[in-house]
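Student: Sequential numbering of the sequence shown, starting at 614, is according to the numbering used here.
Because the hints were derived from the structure by calculation, they are not lab data. Note that the Cβ used here is the ideal one computed from N, Cα and C, for glycine as well. Accuracy of the hints is not assured; some may be wrong.
What the hints assert, rightly or not - Lysine to any residue pairs mimicking SDA-like chemistry, simulated, CA-CA at most 20 Å apart:
hint	residue 1	residue 2
1	LYS617	GLU634
2	LYS693	ILE731
3	LYS693	ARG735
4	LYS695	ASP682
5	LYS617	VAL676
6	LYS693	ALA666
7	LYS639	GLN622
8	LYS639	PHE621
9	LYS639	THR678
10	LYS695	ASP671
11	LYS617	PRO648
12	LYS639	ALA619
Stated by the list, open to error - Per label pair, the in silico range of CB-to-CB distance:
hint	residue 1	residue 2	range
13	ASP682	ARG710	38 to 48 Å
14	ALA642	GLN708	18 to 28 Å
15	GLN707	GLU683	43 to 53 Å
16	HIS745	ARG710	25 to 35 Å
17	SER674	GLY732	29 to 39 Å
18	LEU723	VAL620	23 to 33 Å
19	LYS639	ARG710	34 to 44 Å
20	GLN652	ILE628	38 to 48 Å
21	ARG710	ASN635	33 to 43 Å
22	LYS639	ILE709	34 to 44 Å
23	ASN727	ASN635	18 to 28 Å
24	ARG702	LYS617	17 to 27 Å
25	LYS617	GLN707	42 to 52 Å
26	GLY732	ASP649	15 to 25 Å
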Amino acid sequence: GVSKTAVFQIERDHIDPQSIENFFLKQSATWGARPDVAQRATFGVIQLVEAIAENCWDEGSLVITARFDEFSLDISVSYKGKPLEFPTRRPSIQQIRDEEEGARLLAGYLLRQNADRIGSERHGDRPVVHFHFDH
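Produce the entire structure from the sequences given, and follow the hints as far as they go.
Tutor: Set out below in structure tokens:
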């Protein structure tokens, strides 16, 4: 299929979950994406942005890039800061409660459960999180 791409940028001090939701609603309607896939993607990105803002994002803009074709919705989120981990096992209650990275590990674990595939990498000084949703 032919892919379509849209980009949305968020400034560190102007995080608005409603604007993220509006971006995905508009794009998914324009692209003809299935509503259930669009809802999962919207939820995942909002949760990711909140987790990054609380635990990882140091400065500058956060950039959301969404690519859609008839088979998949792929989303990349890049920002300046520490990378977010996506463990395959839920962190223990003790880790969550007592360790500095406990909340960050829990957020990463929960985000892993939402997408069909998730991954991360670094591009220079910017961690990039990739979500993949089967369409």
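Student: Mind listing which of the numbered hints don't hold for this structure, in increasing order?
Tutor: 4, 14, 17, 20 and 24
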